[in-house]
Amino acid sequence: MSDSVFSTPSRRSLFKLGGVVAGGVALAACSSKTASTGGASGSGAKGSLPGIGNNGQVGKGRAQNADTLFIAGFQWGPPTTYNPFSPTAAWPASNNVMQIVYETLLRWNILTGEVMPGLAKSYKVDGTSTVTLTMQDGITFNDGSPCTAKDAAFSFNIGKTNAGVTVASFFQAADSIDATDDKTLVIKVNQTKKNVGQVLRLLTESYIVPQKVFSAVAADKLATEIMTNPVGTGPFKVDTADQTQVVLKRNDSYWGKTFYGGLPVMNTIIHPIFKGNEDANLQFANGGLDIAQTFQSQIWKTWEAGKPTGTYLKSKPYYIPGSMPMLVFNCTKPGLKNPVVRRAIATAIDYASISDTAMSGYSGTVQPSLILPTGAEGKFFNQSDATANGWKYDKAAAEKLLTDAGAKKGSDGIYVLDGVRLGPWKIITPTGWTDWNASCEIIASSCKAIGIDVATNFPQQAEVTQAIQGGNFDLGHWYVAGVNPASPWARFKDVLSQAEMKPVGSTAFANYGRWTNPDVEALLTAAAQAADDTAKKAAYDKLDALYRKEIPMCPTMYRPDEFYEYSALNFYNWPDEKNTYAPPMFRGAGNTWMYKIKKIAG
Amino acid sequence: MTNVPQSAILAEEAEPKPGPGSQVTATTRPSWRNLNFGPRMWVALTIIFLIVLMAEVGPFVYPYKSSLKVGSLYDEPSAAHLLGTDNFGHDIIAVLMNSTRNSLLNGLLAGTLAVFIGVLIGILAGYVGGWFEELLMGITNIVVAIPSIVVLILISMSLQHTNVGFLKGIGGLALVIGITSWPWTARAVRAQASSVATREHIDIAKLSGAGTPSILIRDVLPYLASYVVMAWVLQLASAILAESTLSMLGLGPSGTDSLGIELHWALAFQAVSTGAWWAFLPPTIILTLISFSLLYLQSSLDEVFNPRLRRGKKKNLAKAAARRAETARKLAQQNEKVEVLS
Numbered sequence: 001m002s003d004s005v006f007s008t009p010s011r012r013s014l015f016k017l018g019g020v021v022a023g024g025v026a027l028a029a030c031s032s033k034t035a036s037t038g039g040a041s042g043s044g045a046k047g048s049l050p051g052i053g054n055n056g057q058v059g060k061g062r063a064q065n066a067d068t069l070f071i072a073g074f075q076w077g078p079p080t081t082y083n084p085f086s087p088t089a090a091w092p093a094s095n096n097v098m099q100i101v102y103e104t105l106l107r108w109n110i111l112t113g114e115v116m117p118g119l120a121k122s123y124k125v126d127g128t129s130t131v132t133l134t135m136q137d138g139i140t141f142n143d144g145s146p147c148t149a150k151d152a153a154f155s156f157n158i159g160k161t162n163a164g165v166t167v168a169s170f171f172q173a174a175d176s177i178d179a180t181d182d183k184t185l186v187i188k189v190n191q192t193k194k195n196v197g198q199v200l201r202l203l204t205e206s207y208i209v210p211q212k213v214f215s216a217v218a219a220d221k222l223a224t225e226i227m228t229n230p231v232g233t234g235p236f237k238v239d240t241a242d243q244t245q246v247v248l249k250r251n252d253s254y255w256g257k258t259f260y261g262g263l264p265v266m267n268t269i270i271h272p273i274f275k276g277n278e279d280a281n282l283q284f285a286n287g288g289l290d291i292a293q294t295f296q297s298q299i300w301k302t303w304e305a306g307k308p309t310g311t312y313l314k315s316k317p318y319y320i321p322g323s324m325p326m327l328v329f330n331c332t333k334p335g336l337k338n339p340v341v342r343r344a345i346a347t348a349i350d351y352a353s354i355s356d357t358a359m360s361g362y363s364g365t366v367q368p369s370l371i372l373p374t375g376a377e378g379k380f381f382n383q384s385d386a387t388a389n390g391w392k393y394d395k396a397a398a399e400k401l402l403t404d405a406g407a408k409k410g411s412d413g414i415y416v417l418d419g420v421r422l423g424p425w426k427i428i429t430p431t432g433w434t435d436w437n438a439s440c441e442i443i444a445s446s447c448k449a450i451g452i453d454v455a456t457n458f459p460q461q462a463e464v465t466q467a468i469q470g471g472n473f474d475l476g477h478w479y480v481a482g483v484n485p486a487s488p489w490a491r492f493k494d495v496l497s498q499a500e501m502k503p504v505g506s507t508a509f510a511n512y513g514r515w516t517n518p519d520v521e522a523l524l525t526a527a528a529q530a531a532d533d534t535a536k537k538a539a540y541d542k543l544d545a546l547y548r549k550e551i552p553m554c555p556t557m558y559r560p561d562e563f564y565e566y567s568a569l570n571f572y573n574w575p576d577e578k579n580t581y582a583p584p585m586f587r588g589a590g591n592t593w594m595y596k597i598k599k600i601a602g
Numbered sequence: 001m002t003n004v005p006q007s008a009i010l011a012e013e014a015e016p017k018p019g020p021g022s023q024v025t026a027t028t029r030p031s032w033r034n035l036n037f038g039p040r041m042w043v044a045l046t047i048i049f050l051i052v053l054m055a056e057v058g059p060f061v062y063p064y065k066s067s068l069k070v071g072s073l074y075d076e077p078s079a080a081h082l083l084g085t086d087n088f089g090h091d092i093i094a095v096l097m098n099s100t101r102n103s104l105l106n107g108l109l110a111g112t113l114a115v116f117i118g119v120l121i122g123i124l125a126g127y128v129g130g131w132f133e134e135l136l137m138g139i140t141n142i143v144v145a146i147p148s149i150v151v152l153i154l155i156s157m158s159l160q161h162t163n164v165g166f167l168k169g170i171g172g173l174a175l176v177i178g179i180t181s182w183p184w185t186a187r188a189v190r191a192q193a194s195s196v197a198t199r200e201h202i203d204i205a206k207l208s209g210a211g212t213p214s215i216l217i218r219d220v221l222p223y224l225a226s227y228v229v230m231a232w233v234l235q236l237a238s239a240i241l242a243e244s245t246l247s248m249l250g251l252g253p254s255g256t257d258s259l260g261i262e263l264h265w266a267l268a269f270q271a272v273s274t275g276a277w278w279a280f281l282p283p284t285i286i287l288t289l290i291s292f293s294l295l296y297l298q299s300s301l302d303e304v305f306n307p308r309l310r311r312g313k314k315k316n317l318a319k320a321a322a323r324r325a326e327t328a329r330k331l332a333q334q335n336e337k338v339e340v341l342s
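Going line by line, the protein sequences match chains A and F.
Take the first sequence: its position 83, counting from 1, is numbered 83 in my numbering, and each next residue is one higher.
Take the second sequence: its position 95, counting from 1, is numbered 95 in my numbering, and each next residue is one higher.
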């Protein structure tokens, strides 16, 4: 073979190998040195300031680019288009990422569960029939043209004629959205579903675009149109962009000066484009980034090394839980069809190991529920029922479930139940999703430990997406709805929905495991239509009880909706648990910190 | 070097030269010592022995199993865990021992398979010759021209979908490496077999009625044995490195420890940037030691099998040179006497 690995090794190889060892030693030495001394320069203790490093450190500010915010974690390849309807839209035009160039009518706060004003200064819900919004005064696009309710209505109605764009899903929850005048929008809620929460959710996630620009784009080109100069209502414009970075410049004529109490603190935002988390994290630790949205293993090591870095929470789990990765069982497969087997697997998983190692300690204790026990959803969580009828890691109990059901262990150490050998099954998740991959390894070894034959497989993301949505898998580690104005209903729908279930081979966006149940759809409808929190909790209790009985999916850890980590090298007053003026977010209400952080120098 | 008389070389091999009174000593010397293992051979064998000992015996005496969670993510080295823990909270030494064992097993399987295929194709091509040789070497050249890493990655990815027990483990990876790394062995063996095929003893074997398989095994293969042994040692090293390459890319077998898989997780969990040297340095050092010792062993074997490459202490080399000169002088004297007598 022509590859050097397989060519005849020579004496030179010995020198090369020696080089590898020397290189390894040097790397270890470098990393240790960085950890011990790197944070010393340019920072000093100023513990009295708000929103500084978790170690109480704050930097001295940058001599150059002091008015520039460096951000990372959103764009990983050369930007191609800023068309928000394109599935490959670049940051910050990609859907529901940040309110920088495009903005939404309402903003969601992950801490309080509150739906806050955005382009709409107020909204009014009339029972479950209509939602009326009133636009802010004097909204303009960054080309100076006014933004009215007609532009807002157009931005949603575009989904009526284009089923391929994300906003098309708005019309599953609403029948119509109309501008009755330049400042008023009226939305008629779908009376079959009466799901106001889902309507509000899409109002917080969908960008408003200028009608005059997008009406000129042919309907069939809407998702593929290349746009290099996005016209939005946000406080920044795209200045330059190439394969190395995206540079945004502040729009000093921004309409929201009055609403937000001024312009954003920074006049430039630069998003360097890194190849992966590793590069971005290194840059973050070295003060090259002010804020990032990347998974950083053992982030505490950055502030332990003296860097002025911080997270919202000052102790573990450091991040606000916002999503719930799921182990999806394919309920059409022999063996996995059986709820006893699914429960045995759920009981066999070492959740503490997943949290402690795979998630770097960023996950709290996972509960046997589809409701996040903390934050905005906490009020719906039923701890007593979860404890009484749920599961927790217990190897012996997991095996007992199988043996009680009549399973016998084969000579290979794998159980056979009702003539079906429990495995071999593959658990899939995309390659490169580091914490997800590591979780899968723990799940597979947990299953093997009780006599269920599970191995891991990490194909490319596109392949996994196709397999999960098409139902062509055994076990999948996949995501469902995170925290949003419609959760936890949206999560129950993603896990249990019968209406959105598709046959194996067809693309499904919910109930990937094709679990069937005749009663659940009525419970989902009742939960969607519940008028107040008490009624909602009662409905969710029923849904969660059914879920705990059937377990078509099983939560493996709690992840933050967005990783939020900052560096107080050039700016301070970042939101944190002691400085709670804004949630630790980038999307939705997370834009508040852009107006409130403070420059250290100058 | 080629003009050194054969008798002189034989004299060197018999070193130390037995004196008139040392006949008893020479005959009682163990025959293996005549192989003249040099210090490099002993260094290589010692390293290999220690690594094999660690991999095969270590797991039975070490208190922790490699699958046991004993700590948290990248716990620092401590008295309880001398090399700390990995990203799964497993004891690094336990994982290292298991990984080394699997990597050696992979190398053994893949290397043996590659040598078997290479020798089979090479010996057939070299001995049979003609269009059959052209065909086999044509296939070999095609395989050589395809970048092996691409083939390895593609086959490894497809193997990840299989549910066949043997293929989804370390055996599957060994199989892939073995069937993609035989060509250079085949080419070298063909050249040697082609040369052996023209020797007189092959004609004698044919005249005595021996069949082709018998000739290949009894009359050709023994002449290639020294090369085959060295090729096997090299294939072991290559296979271990190839497994590490694939596993580091995330294409290793599921649920198994190996040196490459250790490096894969160390990279994925940013061990370098977080300063967790214990996660990536031990497997790197073990890999280096395995490759180094195998290459050193191959180099030493080369000296054993090929006396012209033999090296030693300057003092011994000087003595050997003096003996050669003396032998040459005596031969010259004998020749002169013969000429005078004639």
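Simulated from the structure, these hints should not be mistaken for laboratory data.
Treat the hints loosely; a few may be bogus.
To be verified - To give a feel for the contact side, a few chain F residues facing chain A, derived at Cβ under 8 angstroms:
| id | residue |
| --- | --- |
| 1 | Asn-87 |
| 2 | Ser-158 |
| 3 | Ser-214 |
| 4 | Phe-269 |
| 5 | Thr-274 |
| 6 | Asn-335 |
Said to hold, decoys possible - Here are the computed lysine-lysine pairs in the DSS-like style, where the Cα-Cα straight-line distance is at most 30 angstroms:
| id | chain 1 | residue 1 | chain 2 | residue 2 |
| --- | --- | --- | --- | --- |
| 7 | A | Lys-395 | A | Lys-549 |
| 8 | A | Lys-124 | A | Lys-193 |
| 9 | A | Lys-275 | A | Lys-301 |
| 10 | F | Lys-69 | A | Lys-409 |
| 11 | A | Lys-314 | F | Lys-206 |
| 12 | A | Lys-392 | F | Lys-65 |
| 13 | A | Lys-193 | A | Lys-379 |
| 14 | A | Lys-333 | A | Lys-257 |
| 15 | A | Lys-150 | A | Lys-257 |
| 16 | A | Lys-409 | F | Lys-337 |
| 17 | A | Lys-316 | F | Lys-69 |
| 18 | A | Lys-448 | F | Lys-206 |
| 19 | A | Lys-316 | F | Lys-319 |
| 20 | A | Lys-221 | A | Lys-188 |
| 21 | F | Lys-330 | A | Lys-395 |
| 22 | A | Lys-379 | A | Lys-121 |
| 23 | A | Lys-409 | A | Lys-337 |
| 24 | F | Lys-337 | A | Lys-301 |
| 25 | F | Lys-69 | A | Lys-408 |
| 26 | A | Lys-448 | F | Lys-69 |
| 27 | F | Lys-65 | A | Lys-408 |
Unchecked claim - Among the chain A residues that face chain F by a calculated CB cut under 10 angstroms, a handful are:
| id | residue |
| --- | --- |
| 28 | Leu-282 |
| 29 | Ala-285 |
| 30 | Gly-288 |
| 31 | Ser-297 |
| 32 | Asp-350 |
| 33 | Val-420 |
| 34 | Pro-424 |
| 35 | Thr-431 |
| 36 | Gly-432 |
| 37 | Asp-435 |
| 38 | Ser-445 |
| 39 | Ala-449 |
Ideal placement from N, C-alpha and C gives every residue a C-beta, glycine not left out.
Going through the hints against the structure:
1. Using the Cβ-Cβ criterion of 8 angstroms, the hint placing Asn-87/F at the interface with chain A is satisfied: the shortest such distance is roughly 6 angstroms.
2. This hint is violated: Ser-158/F has a C-beta 11 angstroms from the nearest C-beta of chain A, more than the 8 angstroms allowed.
3. Taken as an interface hint, Ser-214/F does not check out: its beta carbon lies about 31 angstroms from the nearest beta carbon of chain A, beyond 8 angstroms.
4. Restraint check, Phe-269/F versus chain A: the minimum CB separation of about 5 angstroms is within 8 angstroms; hint holds.
5. The closest approach between the C-beta of Thr-274/F and any C-beta of chain A is roughly 5 angstroms, which is under the 8 angstroms cut-off, so the hint is satisfied.
6. Nearest Cβ of chain A to the Cβ of Asn-335/F: about 41 angstroms, over the 8 angstroms cut. The hint is violated.
7. Simply put, Lys-395/A and Lys-549/A have alpha-carbon atoms about 19 angstroms apart, close enough for the 30 angstroms limit, and the pair holds.
8. For a cut-off of 30 angstroms, the pair hint linking Lys-124/A to Lys-193/A stands: about 19 angstroms separates their Cα positions.
9. The straight-line distance between the Cα atoms of Lys-275/A and Lys-301/A is roughly 22 angstroms, inside the 30 angstroms bound, and the hint therefore holds.
10. This hinted pair checks out: Lys-69/F and Lys-409/A have alpha carbons roughly 25 angstroms apart, not beyond 30 angstroms.
11. At roughly 85 angstroms between alpha-carbon atoms, Lys-314/A and Lys-206/F are farther apart than 30 angstroms, so this suggested pair is violated.
12. The hinted pair formed by Lys-392/A and Lys-65/F meets the criterion: a straight-line CA distance of about 24 angstroms does not exceed 30 angstroms.
13. Our distance criterion of 30 angstroms between C-alpha atoms is met by Lys-193/A and Lys-379/A, whose separation comes to about 23 angstroms.
14. Only pairs whose Cα atoms come within 30 angstroms are accepted, and Lys-333/A paired with Lys-257/A is rejected, the gap being roughly 57 angstroms.
15. Restraint check for Lys-150/A and Lys-257/A: satisfied, since their Cα atoms lie roughly 22 angstroms apart, inside the 30 angstroms limit.
16. The suggested pairing of Lys-409/A with Lys-337/F is violated, with an alpha-carbon distance near 89 angstroms, which exceeds 30 angstroms.
17. The suggested pairing of Lys-316/A with Lys-69/F holds, with an alpha-carbon distance near 20 angstroms, which does not exceed 30 angstroms.
18. As the CA atoms of Lys-448/A and Lys-206/F are separated by approximately 58 angstroms, the hinted pair breaks the 30 angstroms bound.
19. Simply put, Lys-316/A and Lys-319/F have alpha-carbon atoms about 73 angstroms apart, too far for the 30 angstroms limit, and the pair is violated.
20. Pair hint Lys-221/A plus Lys-188/A holds up; C-alpha atoms about 28 angstroms apart against a cutoff of 30 angstroms.
21. With a C-alpha separation of about 84 angstroms, the suggested pairing of Lys-330/F with Lys-395/A is violated against the 30 angstroms cut-off.
22. Note on Lys-379/A and Lys-121/A: the hinted pairing holds, with a Cα-Cα distance of about 27 angstroms set against a maximum of 30 angstroms.
23. With a C-alpha separation of about 19 angstroms, the suggested pair Lys-409/A and Lys-337/A falls inside the 30 angstroms cut-off, and the hint holds.
24. The suggested pairing of Lys-337/F with Lys-301/A is violated, with an alpha-carbon distance near 87 angstroms, which exceeds 30 angstroms.
25. About 28 angstroms separates the Cα atoms of Lys-69/F and Lys-408/A, which keeps this hinted pair within 30 angstroms; it holds.
26. Annotation: proposed proximity of Lys-448/A to Lys-69/F holds, straight-line Cα distance about 15 angstroms (limit 30 angstroms).
27. Proposed proximity of Lys-65/F and Lys-408/A is supported: the alpha carbons are some 27 angstroms apart, at most 30 angstroms.
28. A distance limit of 10 angstroms between C-beta atoms decides the matter here; for Leu-282/A the minimum to chain F is near 5 angstroms, and the interface restraint holds.
29. Below 10 angstroms, beta-carbon pairs count as interface contacts, and Ala-285/A has one with chain F at about 7 angstroms; its hint therefore holds.
30. The interface hint given for Gly-288/A is broken, as the beta carbon of that residue sits about 13 angstroms from the closest beta carbon of chain F, more than 10 angstroms.
31. Among the interface hints, the one on Ser-297/A holds; its C-beta lies about 5 angstroms from the nearest C-beta in chain F, closer than the 10 angstroms criterion.
32. For Asp-350/A, the interface hint holds, since its Cβ comes within 10 angstroms of a Cβ in chain F; the closest pair sits about 7 angstroms apart.
33. The closest approach between the C-beta of Val-420/A and any C-beta of chain F is roughly 14 angstroms, which is over the 10 angstroms cut-off, so the hint fails.
34. Hint status for Pro-424/A: holds, given a least beta-carbon distance of 4 angstroms to chain F, under 10 angstroms.
35. Nearest Cβ of chain F to the Cβ of Thr-431/A: about 6 angstroms, under the 10 angstroms cut. The hint holds.
36. Because the closest C-beta pair between Gly-432/A and chain F is about 8 angstroms apart, less than 10 angstroms, the hint holds.
37. For the restraint placing Asp-435/A at the interface with chain F, the shortest Cβ-Cβ distance is roughly 9 angstroms, inside the 10 angstroms limit, so the hint holds.
38. Below 10 angstroms, beta-carbon pairs count as interface contacts, and Ser-445/A has one with chain F at about 6 angstroms; its hint therefore holds.
39. Because the smallest distance between the Cβ of Ala-449/A and any Cβ of chain F comes to about 8 angstroms, under 10 angstroms, the interface hint for this residue holds.
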